[in-house]
Amino acid sequence: MASAAPQVLTSWIYAIWALQGRHSALHAAGPDASNIEWLFWVIFFIILAAFILVILGFARAAARTYTSAREMLPIVHDKEGDRRAVWAVGSAITVTVLALFAVLVLSVITGKKVEGLTSKNPVTIQVTGHQWWWEVIYPNAQADQTVTTANEIHVPVGKPVVILTNSADVIHSFWAPSVHGKRDLLPGYSSAFWIQIDQPGRYRGQCAEFCGMQHAHMGFSVIAESDSEFAAWKAQQLKPAPEPTNADAARGREVFLTHACVMCHTIRGTDAGSRIGPDLTHLASRQMIAAETLPNTRGALAGWIIDPQRIKPGNHMAPNPLQPDDLQALLTYLQTLQ
Amino acid sequence: MRILKPISLAVLITCLIALLSCQREERILRPSPPASEILNSVQVSGLNPGANSVASPPPPKYYEESAYSVSEGQRLFNQYNCVGCHANGGGGIGPPLMDNNWIYGSEPGNIFATIVQGRPNGMPSFRNRIPEYQVWEIVSYVRSLSGLLPKDVAPARSDQLYVKPPEQSMPNQTPTGITGQPEAKQ
Amino acid sequence: MAISEPIVVPRTGTPEQLARAWAQPPGFWGWFKNVHHTAIGVRYIVTSFIFFLLGGVLAGIMRFQLARPEHGAVGPDLYNQVFTVHGSTMIFLFAVPMMFQGFGVYLVPLICGTRNIAFPRLNAFSYYIYLGGGLLLWIGLLIKTGADAGWFAYVPLSGPQFTPGKRSDFWAQMITFTEVSALAVAICIATTILRHRAPGMTLNRMPIILWEKLTISIAVIFAMPAVMVVSSMLLMDRTINTQFFNPSSGGDVLLYQHLFWFFGHPEVYIIFLPGTAVISTLVPVFSRRHIFGYLAIVTSVVATGFLGFSVWVHHMFATGLPQMSESFFTAATLMIVIPTAVQFYCWMATIWHGRLQLKLPMLWVFGFFFTFLIGGLTGLMLAAVPVDWQVHDTFFVVAHFHYVLIGGALFPMFAGLYYWVPKITGRMMNDLLGKIHFWLFFIGFNMTFFTMHFLGLRGMPRRVYTYLPEMHWGTLNLVSSIGVLFMTAGLIVFLVNFFQSKAIGELAGPDPWRAGTLEWATPSPPPHYNFLELPTVNGREALWDATPNQPVVAGVREDIPEVLVTNSLDSEPQYREESPGPSIWPFLTAITVSIAFVWSIFSARGVAYGAIPVVITLIGWLWPRGHSPTPMPVDSRLEERRWIR
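Chains as they are written, first to last, in the numbering used here: chain H, -9 to 328; chain E, 2 to 187; chain R, 15 to 659.
It should be emphasised that the hints constitute simulated quantities derived from the structure, not laboratory data. Note that the structure is a prediction, hence the values are computed from the model and not measured. Hints are supplied without guarantee of correctness; some may be wrong.
So the derived list for chain E, only partly shown, Cβ under 10 Å to chain H, looks like this [unchecked claim]:
hint	residue
1	F78
2	G123
3	N129
4	Q135
5	D160
Some chain R residues well away from chain H (every beta-carbon gap over 10 Å; in silico) [stated by the list, open to error]:
hint	residue
6	Q31
7	A81
8	G569
9	W599
10	G620
11	Y623
12	I633
By construction, the Cβ of each residue, glycine as well, lies at the ideal position given by its N, Cα and C atoms.
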């Protein structure tokens, strides 16, 4: 324990001072989060000043009148002191009220700036919360131009994007701290809010309203990329699943269609069309699986398919005790779904 | 010390209470299902020569005593699209499930066999498609549709559009077979 | 009331007769018949402290699970029950019953200068009902029926589809139990403060703690029905198929949140204001002077109680309500800071111009200043809607509310306990052990909860049973969990101190702190008749402002339990009234009411058939008896007599 102490201490200092990360409210990647971060720091310095002044006040008050007498002393009256205190307390109250008013004004202004993001022809994304994954749809008037995916959102860099919220079951909350504040997904309500990301990259988010057993493992990511990359991604997502090119992948598709997978998942271009679980048509194009819980690698995918209850106990995917050959073939097929 | 007596009494009572834990609230997230020889021992018809046969072995009590299990059954009934043919119990393409008429038997084993094997005239077979423990959960839910489960285990109203009384309010209906007469207990 | 000449009024009885008149029956069944406020108050304090320890055990389990990423010690189902029961226990079974009910029931009649609380049997009933609610929640946890949807149980998660079984029903009915208990105590305390104060204790001379208890009683009367309504609506949705919160049928999930938080926010002021009252009582005593700014503080207390009802939407900023309406609630939330700031400045001025004696209770008062200040200031951040969008439902807000609740209620609670336990038990608590307790607790608390601010800003949401190693939240969580060990050590020291001092502590005498309020004018522990001579009051600190020949009240009968009823504003004597003696009916009624409540969870018949035994026990309770059929007009005089201190 003693040898670990310096490491614990330095990592704690690091944790406090290096509040950086792809998933931090103080690492803004767009105008919304940076406006909020600005307001945060302004209020922080106001309350830091207030804290120091009040603590110093109490310390001074204690120091100047402290007595270490054991017996309880007689009562004192200090009329002169009370008169001066009236002025002091009055000024303190005035300063407090002014500071609070300043916070109010700044808060309203920042709120307006954050909500003021708008655009004529924005990318529109419909996010529906499920227990415990995110359904992501890019709606379009034409059905074959509608992108359906899960847990991963792509947006073009530097452009306002509007997100429409909905929930299929309980209340969830969409929160990517580097991008924007959170918005609750309420069943029966649909709200819209705007985001914009100015730096390309991958920004993580997590559900922020308790939604049941696997609330802890309900993450998502927002990927900001250039216009051309975004267009390419979108075009790829619109395609149906490619035909298997080798026997192993063909056998894998057969496994998919003859086992429990087909009850819950869609792979466009095959007979699998269920919408209970995430759309897997382009599973291999995603970096993480199981709502940002596992990396999208062959091994992790295998573990997830065989026993999802081990990784996310209580979630709605049942264990699939596949034969080893079937599993390998299935993995090969799933990895072709770019 | 005088305080020890009430404290030890409280600890004793606490242990006793913990032992009486409620089956209704049991939640097994990855149940190991019973062996599938149940399929070999289910009788689909109530007629047989001679005396009545031995009843099919019952499934573990967990599925019909756990409110969580029955609510999972309700969720799966919707998500696996049983509602597509059976609606919310009223039937349509398929026969109603909330009445007392059980064509292929009302015992849990019979319903299990119906789901896994499929039946003539349109009931698909879900063998290898729905895991066995989930079939048992759906079986419990289907039985609750006719009020055959206790009130505190059957699901309450769902958050969907309201089309029928919730399962916990369904009156208990004595099952009858295809002949319309009460089923002889196997 | 001034008296020009002493009037000699023959005493109607002797101290022995007083003791006999006010005696509470001994033995096993006597415990259930006791209606004296000191006994019930002690029960509230002890029971709520036990629930505090139980809730703390749950907190320890949570912190143990969160100490490492993907720890695997506690699964999601159990963890959800643990954090829900932790929150519900701390709020409903500890904070309100200790700060408002426990301290209030014990102290208010003593500070008013009367012999018992108003409606003593209702007071006794309220304790048994509270105990019933606590047992319901905890027995539920033991039989796997622990509430698991969070302490505020948002629908649809807590609703019929997503919480199968009876878990949310147990939670909702626990709310009913504790809310009935709080309402009963509010009625008793408000009536005592308004009508049973000592003569001479005008509203302008009322101790601040009485102002606060009166304000909180009114807040309880307005806030508790809202939570009763919402928990009953949830119960009805789950049992008799109503559609209040079903969006598909025209119901609304936000309705639940509005109704809940309309109660929920005043609830936290119901917890916090008693803390400030303890501070306002202790600061003058340990600065050896009258409090500075009495009028300002009283106005602040009442204003906080009132404004507490106008801020509830700040719990709902992330739901997508229109920005302008949300800004209104930002303004209201910032406005409510002002009365609290006023109180802080007045306390500072009192110490500044007084003579500070840093005894053990005062050490805890300084702990309150530090801790609550941090919590209140982070509240400013949460009041700003855009910042709240980032930190709502994260560990930042967990840190905030623990700072304001532990700072605003727990530190004053310990200050109050170290201050008043000598009155309750008659023996002083050990000073050194108390200081060790303070520092262990203070260090552990800041270790546990300060780190949570950073966790929240770094993206960790609340109510998660685990987190991924890649998030780099592990170190901060580990530090936070280690802090729990310090707090536990501090609590063990406190318990050792309490039991040891109860047995062999230094005898306290009636007034060890040379304080100003009336509870110190009677022996420690107080006899069942509270005061040998009913006091009168000459100023804001009754004992400090008493004249050498301060009058006492004479003429109230001493052979039967009788109290003096006075005018609400000027506290002039109006009449005498018999105070109900010991009775088993409050306990029996609590049993029948509990049966009806629990039965109705399982069947609607419980409401109808369960009401019959309730009516029977109420008839027994309300059956007329006693020595005089109507209150007799006063012929009490104020007799000048040297006060026995």
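Verification of the hints:
The beta carbon of F78/E comes no nearer than 12 Å to any beta carbon in chain H, farther than 10 Å, and the hint placing it at the interface is violated. The interface hint given for G123/E is violated, since its Cβ lies 18 Å from the closest Cβ of chain H, which is over the 10 Å cut-off. Hint status for N129/E: holds, given a least beta-carbon distance of 6 Å to chain H, under 10 Å. With its C-beta approaching chain H no nearer than about 6 Å, Q135/E sits inside the 10 Å limit, and its interface hint holds.
Taken as an interface hint, D160/E checks out: its beta carbon lies about 7 Å from the nearest beta carbon of chain H, inside 10 Å. For Q31/R, the shortest C-beta to C-beta distance to chain H comes to about 34 Å, beyond the 10 Å cut-off, and the non-interface label holds. With a least beta-carbon separation of about 12 Å from chain H, A81/R lies farther than 10 Å from that chain, consistent with its non-interface assignment. Non-interface status of G569/R relative to chain H is upheld: no Cβ of that chain comes within 10 Å, the nearest being about 32 Å off.
With a least CB separation of 43 Å from chain H, W599/R remains clear of the 10 Å interface cut-off, as annotated. Against the 10 Å criterion, G620/R stays outside the reach of chain H, whose nearest CB is about 28 Å from its own CB. No beta-carbon of chain H is positioned within 10 Å of the beta-carbon of Y623/R; the least distance is around 35 Å. With 10 Å as the threshold on Cβ separation, the claim that I633/R sits away from chain H holds: the shortest Cβ distance comes to roughly 45 Å.
Violation of the numbered hints given earlier is confined to hints 1 and 2; the remaining hints are satisfied by the structure.
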